[in-house]
Amino acid sequence: MAFEFLLEQSVQYALISGIAIALFCSSVGLFLVLRKFALFGDALAHTAFGGVAFGLFIGVYPLWAAYVISILGALGLTKLRQRFDISGDAAVAILLTTGIAVGIILFSITDTDLHLGDDDHVEEMGGIENVEEAHEEHEEVHEENGESHDEHTMDDFRDMTHAHDMEEFLFGSILNITPENVIMIFVLCIAILVILKLIYKKLLYTTFSEEQARVSGIPVEKINYLLIGMSGVAAVTSMQLVGVLLVSALFVIPNVSAMLYGRSFKQTITLSVSFSLFSVVMGIIIAYPFGIEPSGCIVLLAIAILMGSLVAKGTGMVKTAGIMKKRA
Amino acid sequence: MLLTFYRFINNSGVDFVMIVDIEKLSVDYSGIKAIDNLSFGIDEGDFLGIIGPNGAGKSTLFRCMLGLHTQYDGTIKVFGNDIRDSRKYLSQIGYVPQKPVVDRNFPATIREVLSMSQNSSDSKKVEEALQKVWMHELADRRIGDLSVGQQQRVFIAKALVNSPKILVLDEPVTGIDQYNKDLFFQILGELNTKEKISIIWSSHDLDAVERLANKVACLNRTLFFHGVSEEFFSDDEMLKKYSETSMQMHMHHH
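Chains as they are written, first to last, in the working numbering: chain A, 67 to 394; chain B, -13 to 240.
Calculated from the structure, these hints are not laboratory results. Please read all numbers here as calculations on a predicted model, not as lab measurements. Beta carbons are placed, not taken as given, at the ideal position from N, Cα and C, and that holds for glycine. Please note that the accuracy of each hint is not assured.
Chain A stretches covered by chain B per the calculated footprint, using a threshold of three residues with CB under 8 Å from any CB of chain B [as the list claims (entries may be wrong)]:
{"#": "1", "segment": "269 to 282"}
{"#": "2", "segment": "330 to 341"}
Take a look, some chain A residues computed to stay more than 12 Å from chain B by CB distance [as the list claims (entries may be wrong)]:
{"#": "3", "residue": "Q78"}
{"#": "4", "residue": "L81"}
{"#": "5", "residue": "V99"}
{"#": "6", "residue": "L100"}
{"#": "7", "residue": "K263"}
{"#": "8", "residue": "Y266"}
{"#": "9", "residue": "P285"}
{"#": "10", "residue": "Y291"}
{"#": "11", "residue": "A324"}
{"#": "12", "residue": "G362"}
{"#": "13", "residue": "T381"}
{"#": "14", "residue": "G382"}
Isolated chain A, as found in the complex (with noise of 0.2 Å):
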């Protein structure tokens, strides 16, 4: 049955998880889209490579460091920002090389035998090392077979997306989720989707115009702050799926298709979420029959949809005012 690989465990844990951070990476990352901050998305994860290095350093879980590292820097750097009034390209570039910096220095003078999960794949092997003469020995015995490498077994792409620590925080390794990132990943989800609603409005208000939100009373510091916050906790999190490359894709690209399209915020924001789900989803089924990286193939597609709507608004197929519209 050409589908049977669905009902793998890993990979029913990748589609989980990935709606999930489809969800609420593009609920976050439109607002951030609609701010002129696309890339900040693209910093904090960066920040998170260096937390999960500082992590692995100080030989705590490297998520959960790179959860606090990402979420301090940004804050921090938010506070540096308005008191020394650094614009926010800027302010975006600073944490995200800071981020990479840092982690690099760490993880060159670490020991990197601890793992993103609980996975024991990587410490029966004995290190990484090892797993990569396992993954040549496994590359051989398939060649002694006469088996194609197009013809990849589940255990091909775990050895695949295990590579490397390092890697898999720079490419993201979705198809090595254990149950407890899953649960992790969907209490987050609820969590963000939860505080969006609540403050959908001021929300709204403190994107459309800061000053205006800021006259009516809205505490737009508290506000900016917990958007940041969430920011940080969605592109770590999404990190797992696509990597620090790749994470300002999930905030942006369905977003810039969406208001293609939109007609309203609601209609906007639903349209995103719709594109990045079938994304995240396909991107994975696609991917794994294929044998490669899940999170080339979901920002392919999602790069797919823009450029076809891209095609249909520059054909006249779909009339709607927004990106394309000429200026008068």
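Position chain B relative to chain A; hints supplied.
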């Protein structure tokens, strides 16, 4: 009661409710005085036109009144309360900015923009506010698709959703065509006379101020006239002084 009103009797013996009381207000930006020792009051029901050349401190005065700029000397009381003590007064103030900075791609309809206001859960209020500014037929259009004049009317409607007692408008018709200007002024006049909303409005348009405002405050970092509109516009010396100061400030800025 949330707000405490205080009263005073003016010389003619008529009761007035002073809703805004500014005393010895001074604002300093990096050693340069933007406002210097400004004192005046605004009565309930006033349609006050604040005039003055560019850089006279009109926007700074509004920013202080609206709690957007808090580094000032002196006191500002709104409805009898020092605005430094509480921000609750803001729920009674509607604000229309100088030029609406609306991103053309912002995917919100007019109705959604109005729904961001505090009392917007009452959809009847949203509809009423839209009708008052004659924008109800465009309620489902995206805000970015409107002209600047239409956007300004939406911002008035947005302020009206909260049933404000005071409407503050910072040069609201800059860059708006004559038709939309006239419409805008007509709406302001109706809000002042029918809805009894006090209006504080800064403008460069002396003709419009003469036509609409019952009071005038002439500002050039410090106050050099505050009183009845007719008094200001019938005083040739005052008008001459105003135009000379405006010209000097204009030359200074260029």
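The hints, checked one at a time:
no., hint, result
1, 269 to 282, "holds (count 10)"
2, 330 to 341, "holds (count 5)"
3, Q78, "holds, 34 Å"
4, L81, "holds, 29 Å"
5, V99, "violated, 9 Å"
6, L100, "violated, 6 Å"
7, K263, "holds, 14 Å"
8, Y266, "violated, 10 Å"
9, P285, "violated, 9 Å"
10, Y291, "holds, 18 Å"
11, A324, "violated, 8 Å"
12, G362, "holds, 28 Å"
13, T381, "holds, 20 Å"
14, G382, "holds, 17 Å"
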